[in-house]
Amino acid sequence: MADDPTLIARLQRLEDLAEIERLFYEYRRHLDARDMHAYSRLFCTDGEWTGRTGSAVGPDGIQAMLEANLSPNPAPPGATSWHIVSNPLIDLDGDSATASTTWSLIRRADGDEPKVVLLGHYDDVLAREDGRWKFKRRRAHIDIPHQPA
Amino acid sequence: MEETLEARLERLEDLEAIRALLADYRRYLDGKDFRAYASLFAREGEFIAGEGDAIRASGPEAIFALVDGMRGTLLTDQGGDDVHVAVNEVIELAGDRATANSTWVYLIRGEGDVPEVSKIGHYEDELIREDGRWKFLRRRAPMDIPTF
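Each protein sequence line maps, in turn, to chains E and C.
In this text, residue positions in the first sequence follow the numbering used here: the first is 1, and each later residue adds one.
In this text, residue positions in the second sequence follow the numbering used here: the first is 1001, and each later residue adds one.
A portion of the hints provided could be inaccurate.
Computed list of lysine to aspartate or glutamate pairs in EDC-like fashion (alpha-carbon distance at most 20 Å, straight line) [what the hints assert, rightly or not]: (1) E/115 x C/1113; (2) C/1119 x E/32; (3) E/134 x C/1092.
With beta-carbon atoms standing in for the labels, derived distance ranges [claimed, not checked]: (4) C/1081 x E/55: 26 to 36 Å; (5) E/113 x C/1079: 39 to 49 Å; (6) E/70 x C/1052: 22 to 32 Å; (7) C/1070 x E/113: 16 to 26 Å; (8) E/45 x C/1043: 28 to 38 Å.
Since the hints were made in silico from the structure, they are not lab data.
Keep in mind the model is a prediction, meaning the values are calculated, not measured.
A virtual CB, placed ideally from N, CA and C, is assigned to each residue, including glycine.
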């Protein structure tokens, strides 16, 4: 069994899917914790992030962009955010992959209540870099509310 | 050393079993099947929640009594009037132990019979394989919004 290349390939596929899905949840965890450094290391050396906040390339560039545009979390119970990431669809192709997910953003509203403020989706290109799956390109789209063209 | 195929397969099986545990938790909780819910905890399992971690119980029997007592207060009295949406799981395996972090969103039947996002929080879990099954050794369920 140990030498069966077919079995190894099938197992590798499942491992890849599990690791990529986990990447999506680590992404939102670091983002919501405002750990911009850990967040930016989830991108490839030439990884790209594009969204309403702007566009940036490479972990250092992405970290700098986020630090310039996202305010850090204030002390509890400050205005913090929770991304809900769901519906992952992943297509593997060797050391690269494409994926889509949906996300919603819940914020602390006036009156200290949770409020869904944004809905959107991610379009991703992923790559295995130094043995780990990372974002090669992540496009963050907002679907609700309508965004000006 | 190269990991054996069997060890790699077992990792995937463990991840899947733990995901099923997290899903069973919310299914039994929302179904008000608190006996089945309590059975998801290890013999020494702990449940911790509330302001300053003040709500807590140890062992399935005490956890059953605690959660059964939440009916009509922290939980709705009737099944179908509330639902926990459990998402964003990140699981770390370490042999017969594991840790997990996830988000919970608590939805209720709101005024005017519309779904309402009532609360949001997260789970911090320590898991253990006990008698061949993954169980909660410790589940902490802090609420993030609203503030305690």
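Cross-check of the supplied hints:
1. E/115 x C/1113: holds (18 Å)
2. C/1119 x E/32: Holds. Residue 1119 of chain C to residue 32 of chain E sits at ~17 Å (cutoff 20 Å).
3. E/134 x C/1092: Since the Cα atoms of residue 134 of chain E and residue 1092 of chain C sit roughly 18 Å apart, the hinted pair holds (cutoff 20 Å).
4. C/1081 x E/55: 26 to 36 Å: violated (45 Å)
5. E/113 x C/1079: 39 to 49 Å: Taking Cβ atoms as reference, residue 113 of chain E and residue 1079 of chain C lie about 24 Å apart, which means the hint is violated.
6. E/70 x C/1052: 22 to 32 Å: holds (30 Å)
7. C/1070 x E/113: 16 to 26 Å: holds (20 Å)
8. E/45 x C/1043: 28 to 38 Å: Cβ of residue 45 of chain E to Cβ of residue 1043 of chain C: about 48 Å, so the range 28 to 38 Å is violated.
The earlier numbered hints that this structure contradicts are 4, 5, 8.
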